[in-house]
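Given only the sequences and the hints, what does the whole structure look like? Please build it.
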Amino acid sequence: MLIIPCPHCGPRPELEFRYGGQAHIARPVDPSPLSDEEWASFLYSRDNERGIHAERWRHIHGCARFFNVVRDTTTDQILASYKTGEFRPEAV
Amino acid sequence: MERFSGLSLLRHALGGHQGWKPFWREPEPKAEYDAVIVGGGGHGMGAAYYLAKEHGLRNIAVLDKGWLGGGNTGRNTTIIRSNYLFPESAALYDHALKIWETLSQDLNYNTMFSPRGVLMLAHTVHDVQVFKRHVFANQAAGVDNEWLTAEECKAYCPALNISQNIRYPVVGGALQRRGGTARHDAVVWGYARAADAMGVDIIQNCAVTGIRRDASGAVEGVETERGFIRTKKVGVSAAGNTSVVMSMAGLRMPLESFPLQALVSEPVKPDFPCVVMSNTIHAYISQSDKGEMVIGAGTDAYTSYTQRGGLHIASHTLDAICELVPMYRRLRMLRNWGGIVDTTPDRSPIISKTPVKGLYVNCGWGTGGFKATPGSANLFAHTIAKDEPHPINAPFSLDRFVTGRFIDEAAAAAVAH
Amino acid sequence: MLSDIVETTAIDADGVRLETLPAFGRLNFRGRAGAVAAMSEAFGLALPEASCRAAIAGSRAALWLGPDEWLLLMLPTETDAVIAAAASALAGLPHSLVDISERQYALGLSGRLAATVLAGGNPLDFDLSTFPVGMCTRTIMGKAELAIWRTEPDRFHIEVWRSFAPYIRGFLREHMREFGA
Amino acid sequence: MPDSLAPNLSVAAVNEPFRTRSGGRIDRAKPLSFSFDGQTYSGVAGDTLASALLAHGVHLMGRSFKYHRPRGVMTAGSDEPNALVTVSRDAGRTAPNLRATQVELYEGLSAISQNRFPSLQFDVGGINDHFAALLPAGFYYKTFMWPRSFWDRVYEPVIRASAGLGKVPTAPDPDRYLQRNAHCEVLVIGAGPAGLTAALAAAESGLRVILCDEQSELGGSLLADTTSMIAGKPARVWLTETLAELATFSNVTLLPRTTGFGYYPHNHVGLVERVTDHLASPDSAQPRERMWQVRAKEVVLATGAFERPLTFPENDRPGIMLADAATTFVNRYGVKPGKRAVIAAANDSGYRAALALAEAGVEIAMIADLRRNPSGSGYDAARRAGLSIETGKTIAGTSGKMRVDGASIASVGEDGKVWNTQDIGCDLLLMAGGWTPTLHLYSQSLSKLKWDDAIQAYVPGAVAASQALRAAGAASGAYGLDAALSTGFKAGAEAAVAAGGDGVTTRVFVTISAEADASTFLGAMPHNRDANRVRAFVDFQNDSTAKDLKLAVREGFRSVEHAKRYTTTGMATDQGKTSNMPMLGVMAQAQGKTIPEIGFTTFRPPFTPTTFGNFAGAARGDLFDPIRRTAIHHWAEGQGAVFEDVGQWKRARYFPRQGEDMHAAVARECKAVRSALGIFDASTLGKIEVVGPDAAEFMNRMYINPWTKLGVGRCRYGVMLREDGFVYDDGVVGRIAEDRFHVTTTTGGAASVLNMMEDYLQTEWPGLNVWLTSATEQWAVIALQGPKAREVLAPFVEGIDLSPAAFPHMAIAEGRICGVKTRLFRVSFTGELGFEINVPPSAARRVWEALYAEGRKHSITPYGTETMHVLRAEKGFIIVGQETDGTATPDDVGLTWAIGKAKKDFVGKRSLARPGMTDPKRKQLVGLLSVDNRTVLEEGAQIVADPKQPKPMTVLGHVTSSYMSAALGHPIALALVEAGRSRMGETLQVLVPGKGSVAVKLVSPVFYDAEGASLDAV
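Protein chains in written order, with numbering that gives the first Met the number 0: chain A, 0 to 91; chain B, 0 to 416; chain C, 0 to 180; chain D, 0 to 1017.
If you're looking for bench data, these hints aren't it; they were derived computationally from the structure. Just so it is clear, the structure is predicted and the values come from calculations on it, not from any experiment. Cβ atoms here follow ideal geometry from the backbone N, Cα and C, with glycine treated the same way. A few of these clues could be false.
As the list claims (entries may be wrong) - Calculated from the model, a selection of chain D residues having no Cβ within reach of chain A, i.e. all distances over 12 angstroms:
hint	residue
1	A246
2	S249
3	N250
4	R294
5	T504
6	R528
7	V552
8	D660
9	K708
10	P786
11	A793
12	A849
13	A912
14	R913
Unchecked claim - Here are the simulated lysine-lysine pairs, DSS-like style, with alpha carbons at most 27 angstroms apart:
hint	chain 1	residue 1	chain 2	residue 2
15	B	K97	D	K141
16	B	K268	D	K950
17	D	K649	C	K142
18	B	K268	D	K1000
19	D	K1000	B	K131
20	D	K1000	D	K950
Said to hold, decoys possible - Looking from chain D toward chain C, a few residues come up when the C-beta cut is under 10 angstroms (computed):
hint	residue
21	A630
22	T683
23	V689
24	T775
25	K820
26	A842
Encoded structure:
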């Protein structure tokens, strides 16, 4: 059970959270002109990074906010967490 | 290749077992191969075997970054079944099941395929609807699957608690009698031994570090820890690490890799005769020939390559096991481990050509790849050799994510693979 | 009736007591800064801006549950008046005010072993340095969500959705058995 | 336990021939009786089952896994591979595979041996031993393949029956298990000298400290140390004082009988405390075991070291045990493990054991040291004591059947040549093979181990990212009491500082104790016997031998993971505690490599086997998962309702009257609704209140429907897709105000729909001024359906004009009913005039009963989900999850009409344009009528054109819902059929396995009142 630093509530046990997949994949403002390939890429293609990975979590049994975490998927070490809408910290 | 039998065992016993030969060579990589398989698990090793046996390609290599079968092949709970809902899936998994039935003889290596039956339990009215639909669909597809009442489930697996005093009582089950288990390590060892005998080079401890492409974009070879290997065909069969390998060719995959845990109890005398799966309460259990209760847990919520997960995941499956078989509450967990499973958006696998010429991929098996091993390997070999998919794996191509022609077993059935 | 859903008798053990607290009026308030100020005015109590903190004034309490979410507790008889006051105070200010008086109800867990009993199914650290008096948060207990608010060093106010109450009550009772419940 | 130094001579157990007259941490004044394999024995308080049996000279405690060889106790602790027993209080309280060395004795304890038939002394399975030559490692991969069907019919059952150890209990375990979460700054695992000083150092910082140890008493090696002095006091006195000092710290939690079993991410450590197993009559209020889930800022592993067995021929006979185990039995338990001992030593531990045994009166026949020039304080003392010491000696074999009765000692030259074999009689043979630091938890944390050539062992290497731990004492490779005390204190102090504590005082622990000794021997010991014949066991429980490992290497299993799996070495229930290092030694020898070149196998949790019940904790029975009940539940129960589980909710499925089965009850309920009035509890439907000036815009984006023009006080049926275009949820949505929608969802979808809405709102459209609040449990919902609904409802409603003109179908209004607030919906999922009355749950039962009483005039009938399903199917309304299955588009299920055509975008819209989604061959919702007008189809049944075609058949679709329609007098069904809407009027076949097929006609899915006349029944 990981300890996940919620940007609003501080470090909390993983049981309070729901994973939300890779971060910073914005839904196209207007999906209609996209090709099927472009749309499929938005929907399904993921970096699935072996290493430093920016991902979304929701503190669903806490403040209920979505936020972003940078985690090393080879160690599960969490390097940063930041609010939705903020940029990924450059250092990580 | 020496033929194994009771007689050969006896003969070697007289010689104090000094005469046994290595199952496979330890060759140095050659400069060039007709095809290179990346990933020496059951799927990759099997693909090499079928390339050699059925397609006449002998100058091939299997590269593994560690030891043969060290990934999910050696980490799964060995459940084998083919009672999938959609005709495409049923055809794929039944292709595998049919090969399982003769695999020991084909390989002259006892893979201990044990068709002891796979019983999938229903706990709710909705479960009953879903499983009956499976049963009917399988019967039309020629795949065995039958509906059992709760009492019939109990008769088939006497250890089960079918009383009404549990939170989600068993209301019935779907049984595939041809389903069962096999000895996971033996599968990859058997394939390796047979492939090696046909000239396949098995190169362990040789991680692929790059995929080199020519000016036209086609595959030219692979960079490895032990140097460049020229080849025009690369088959990637790297399970949880598929995204990593494919990114070397510039491809972003519809995959996410999650930790999947499993565990065994201490060995006990035979008590659990078949495989039981309950998706509603997340319990997957069988008993190994050694006597260990083999239990599949769920995936952790987040992507990870650590091959381990959280304590709460094992807890969650064991609370279900203890409800289903309350006599096992006093058994003890002996070993708990994790693998890395690559999952696709529709929870069905990918056996496919790719946009890169000469690059093929077999991945996305999620939590259910072991059962498909021989079929998947066989079809992947076909796809690589012919540069086009076999009709059985044609629906499992990468382009279904563009067209929307999903084969969504998980959504349709609410059943884990 | 509460008793349609859950037993309401108190459970006593050596060093810990679980009881059903009286009915509250409850409002879920959501809004941005301007609306928060107006709501504080209307409620007669400054909604806490610090994460996971509660404020009390008289019969009313405001619990921070999220950066734009507060649980407002009051006497049941005050609810309509607060809604009305908010309607005028917040006119034109985007916000959401939803009556959830009946959605959940409150348990009280008290005694020197209260935190120990909570620790049976909740992974938070109830040391007073990390979970001081006045702290409140949603979290989980076993397999159900709840909100925990520490009102005194040895007293917790627990908010739980109505249908989960029997489970939470049963879960806590199970962890009180070794202390004599 | 008595801690005084005074000799405890009062009641020497006269009938325990191997009990010493004094000493040890047992209480001879408290005799206990117990049984083993049906025979009654005596023991004393403080004994383990193993020590008590040894007190009677009983070494034979088990049979090995494969060859069923007789085996005795080999260790004194959790590394025991041989002495596995089943301990039973009753049928359900029966635990197989317990180590006799860890089972604390209590009055009346009943234990039996395992894996033998008919008895431990005479086991027919022992025949395997005679065929051992045919059963080398992996033999089963090479045979049992012919004939093909024989594997699972013949061979496998035989193999399965002979495998396994103990038996599964025959009744459910009635004991309770609990979990507890705990937090501390410093967790110390292992309470030997290093753990004790680590805890002391950390305790002084004032931080929270947890100190746990798997044994019944804290103290570790000090419990069996009768010779060392610490700070001028005997070790046991220092121990007593130190424990007393630790107990004075309110910030320290001491947990004996508590095993650290697993090291998980982010310094999450699992411990299991055995609470009642050692008690003769446990209190049922106490859990049997408790799992502590500790989140520690810093962890100190003071887990000590395990002694290594030696790998020599026939090293497995009862009476052959580890040297340190013998020391423990004598010094701690007051038991002599034999009368005449030979000690095979590669480490000073052998000498210390010899001294302890000699002092207790055991004859030391010989100390046979493999080393040519041994040294050490034990060696010196043994020499002074005049014990027989021979150096440069190996063990070439042993004799004896049920008990060792002799050892063949041979000389070994520098070149490894072996000669001059000498047989020595003995009933005890000790192995002192050196030490292996216990680093299971260290490795589990994903921290690295590194090889230390000086001590020939793996020691702690780099700590894994986001873990915080350190090892101390023998676990860190620092052997000896001095090092344990000092490295322990240092580790505890450093951990405290790392955890944010202040600097702590330093302490110096002056000891008089045995010198540390890291001597060892790894690999098969040299001998002059036929290497192809003799067996030197490496994994005692699984019966894998040095020969097996060499065979594995010969066959290409060079990786240690391969060899482990091929030979099963290290996979027994001790998880390789005694076998891992010997295995590496043999493999290194066989490949001519060094041990670090061989590598090592990964340690996995748990450290020792851990009871399943611990993981389940309180999650059993009603606490397995929350049971959610509505405010009407008890009323329905009183009416005899049959309930079904829908997610966590209990829903009334039907209300059978005397003698009715479900079909009869449902037919009656259906008729009642269509003809007069039914009442239904719809409380479980999810409800989300969507509030804010952008509420309509948000709804436009989330749902396929248009919302902007929906008037206040009106409702609309909404459909939600996933972004991939498939139907996700549906429900009626009412507009309470311009900026307020009351959204309903399916019962099962409530939480996930809210989560999906929050996801889009928070991450894609954070600028929208709209907020979502779950109101599922704020409102109970009473559905009143049928021609008489308005008539019955009207008298109770205040403030809402219920007339058809003022309150038409799909209207919503707020008002009061029976004096409480209501949100009243005029909606119908049945096709009849209907209302869904939302009321506060606290008043729901009162309102329900009032309506029910009023409705009696019209034979109001409570109905359940089954009737609801039939009624909606008659109207052709879909159920998400039944007509849809996650692979259906809105068009597939006839919902294209609901799409807001003018909307540029909504969740899932783009996906609907993909070729796979617009394929004309997609399956579409149709109605089915059995041509025979009487066969009720099976739900899930497959639809084909030609039932006689070969398998796999071309399937055109399947039945999604099927019922007998009471209103219509014939069966009806809904189905998804390929291009179904273009096949109206066609006849197809529904397969009935085993019985052929049923002809069905494809019709509109709306079977009843297609014009909707019933909605406005007056």
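Status of each hint after checking the structure:
{"no.": "1", "hint": "A246", "in the structure": "holds (30 angstroms)"}
{"no.": "2", "hint": "S249", "in the structure": "holds (25 angstroms)"}
{"no.": "3", "hint": "N250", "in the structure": "holds (21 angstroms)"}
{"no.": "4", "hint": "R294", "in the structure": "violated (7 angstroms)"}
{"no.": "5", "hint": "T504", "in the structure": "holds (31 angstroms)"}
{"no.": "6", "hint": "R528", "in the structure": "holds (49 angstroms)"}
{"no.": "7", "hint": "V552", "in the structure": "holds (31 angstroms)"}
{"no.": "8", "hint": "D660", "in the structure": "holds (42 angstroms)"}
{"no.": "9", "hint": "K708", "in the structure": "holds (22 angstroms)"}
{"no.": "10", "hint": "P786", "in the structure": "holds (44 angstroms)"}
{"no.": "11", "hint": "A793", "in the structure": "holds (41 angstroms)"}
{"no.": "12", "hint": "A849", "in the structure": "holds (37 angstroms)"}
{"no.": "13", "hint": "A912", "in the structure": "violated (8 angstroms)"}
{"no.": "14", "hint": "R913", "in the structure": "violated (6 angstroms)"}
{"no.": "15", "hint": "B:K97 - D:K141", "in the structure": "holds (22 angstroms)"}
{"no.": "16", "hint": "B:K268 - D:K950", "in the structure": "violated (41 angstroms)"}
{"no.": "17", "hint": "D:K649 - C:K142", "in the structure": "holds (17 angstroms)"}
{"no.": "18", "hint": "B:K268 - D:K1000", "in the structure": "violated (55 angstroms)"}
{"no.": "19", "hint": "D:K1000 - B:K131", "in the structure": "holds (22 angstroms)"}
{"no.": "20", "hint": "D:K1000 - D:K950", "in the structure": "holds (23 angstroms)"}
{"no.": "21", "hint": "A630", "in the structure": "holds (5 angstroms)"}
{"no.": "22", "hint": "T683", "in the structure": "holds (9 angstroms)"}
{"no.": "23", "hint": "V689", "in the structure": "holds (9 angstroms)"}
{"no.": "24", "hint": "T775", "in the structure": "holds (8 angstroms)"}
{"no.": "25", "hint": "K820", "in the structure": "holds (8 angstroms)"}
{"no.": "26", "hint": "A842", "in the structure": "holds (8 angstroms)"}
Checked against the numbered hints listed earlier, the structure breaks hints 4, 13, 14, 16, 18; every other hint is satisfied.
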